[in-house]
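Undergrad: Each chain is listed here by its residues.
2 protein chains.
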Amino acid sequence: MQNSEEEKFRARRLEITDKGKGFIELLQQLSVCDSVSDKEFEDRFGEIESLGDDHVICVIEDEISGKIIATGSVFIEKKFLRNCGKVGHVEDVVVDSSARGKQLGKKVINFLTDHARCVGCYKVILDCSVENKVFYEKCGFKQKEVQMAMYFV
Amino acid sequence: MQNSEEEKFRARRLEITDKGKGFIELLQQLSVCDSVSDKEFEDRFGEIESLGDDHVICVIEDEISGKIIATGSVFIEKKFLRNCGKVGHVEDVVVDSSARGKQLGKKVINFLTDHARCVGCYKVILDCSVENKVFYEKCGFKQKEVQMAMYFV
Chain F
1 MQNSEEEKFR ARRLEITDKG KGFIELLQQL SVCDSVSDKE FEDRFGEIES
51 LGDDHVICVI EDEISGKIIA TGSVFIEKKF LRNCGKVGHV EDVVVDSSAR
101 GKQLGKKVIN FLTDHARCVG CYKVILDCSV ENKVFYEKCG FKQKEVQMAM
151 YFV
Chain W
1 MQNSEEEKFR ARRLEITDKG KGFIELLQQL SVCDSVSDKE FEDRFGEIES
51 LGDDHVICVI EDEISGKIIA TGSVFIEKKF LRNCGKVGHV EDVVVDSSAR
101 GKQLGKKVIN FLTDHARCVG CYKVILDCSV ENKVFYEKCG FKQKEVQMAM
151 YFV
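Residue numbers (the UniProt record's numbering), protein chains in the order written: chain F, 1 to 153; chain W, 1 to 153.
Think of the hints as simulated: they come from the structure by calculation, not from any bench.
Just so it is clear, the structure is predicted and the values come from calculations on it, not from any experiment.
Don't take each hint at face value.
What the hints assert, rightly or not - Examples of chain W residues lying across from chain F (beta carbon under 7 Å, computed): (1) Gly46; (2) Glu47; (3) Phe80; (4) Asn83; (5) Met150.
Said to hold, decoys possible - Mimicking DSS-like on lysine-lysine, the simulated pairs with C-alpha atoms at most 25 Å apart in a straight line are: (6) W:Lys106 <-> W:Lys86; (7) F:Lys107 <-> F:Lys21; (8) F:Lys86 <-> F:Lys144; (9) W:Lys19 <-> W:Lys78; (10) W:Lys102 <-> F:Lys78; (11) W:Lys144 <-> F:Lys133; (12) W:Lys138 <-> F:Lys78; (13) F:Lys86 <-> W:Lys78; (14) W:Lys19 <-> F:Lys107; (15) F:Lys102 <-> F:Lys67; (16) W:Lys86 <-> F:Lys19.
Idealized CB from N, CA, C, for every residue including glycine.
Just chain F, with the same shape it has in the complex:
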């Protein structure tokens, strides 16, 4: 049976072997990230994995090249508000520059929002640049507030 496009670009959870498949290099397309040692990667991977369904990193691997070409993460905040509600926070969404136009970003977002819905979140939120607003609107998001930031370094 032939691999359909759907199967070729399957969203799944990050695995510890994904470091060797260009996961960090992909993140470098999004923001500052020097090379991460195997030890540092394994330690952080373990910290995130210990949170189980409360912090999930999604990746899409190109089955042909064996490279990670899209990623995004969601972590679950537990509140007292909204009758002890939960909120999904989406972070660090990026699609490899050579793999744009294949709807991989949408696939990552769907994976993350489905996960948040499944674990009982009443909403999912994220921050994005004004340029990326239209993409997230197509994914079903609506603009809400403004993001403020304080940098220590």
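Got chain F; can you put chain W on it based on the hints?
TA: Showing chain W alone in chain F's frame:
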């Protein structure tokens, strides 16, 4: 020695007995929150407490009335980006309507940002309404991106 204003309005971590001091009623001034049972409160308190320094809720108690009059939370996201960096996410900041003008909001924000800095975050972020932008600017924040949200309920 007389209680100074500073001591009267001391920021500290949420304690399990704060439910009886109007903590939930204070949150109701911010957003939808029906009454929370003691069992629900204790369960959620335990879940948050189990995260240790990675999810901290700050409160200010009015020592005279014994009521919680200000609160805010910060949770720590662990990333691979920024050389396995950490980001503090500030949420659910509210000051009792009868206690405005005493700089309690600033005190809560300072407590939360100090905590984030101490645990090694490279930045702290939050989302706020356009009306509250000036307050956060006074606290040292700068406007960055736009917040997008998807509601499930």
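Undergrad: Where does the structure disagree with the numbered hints, that is, which hint numbers, in rising order?
TA: 1, 9, 10, 12, 14
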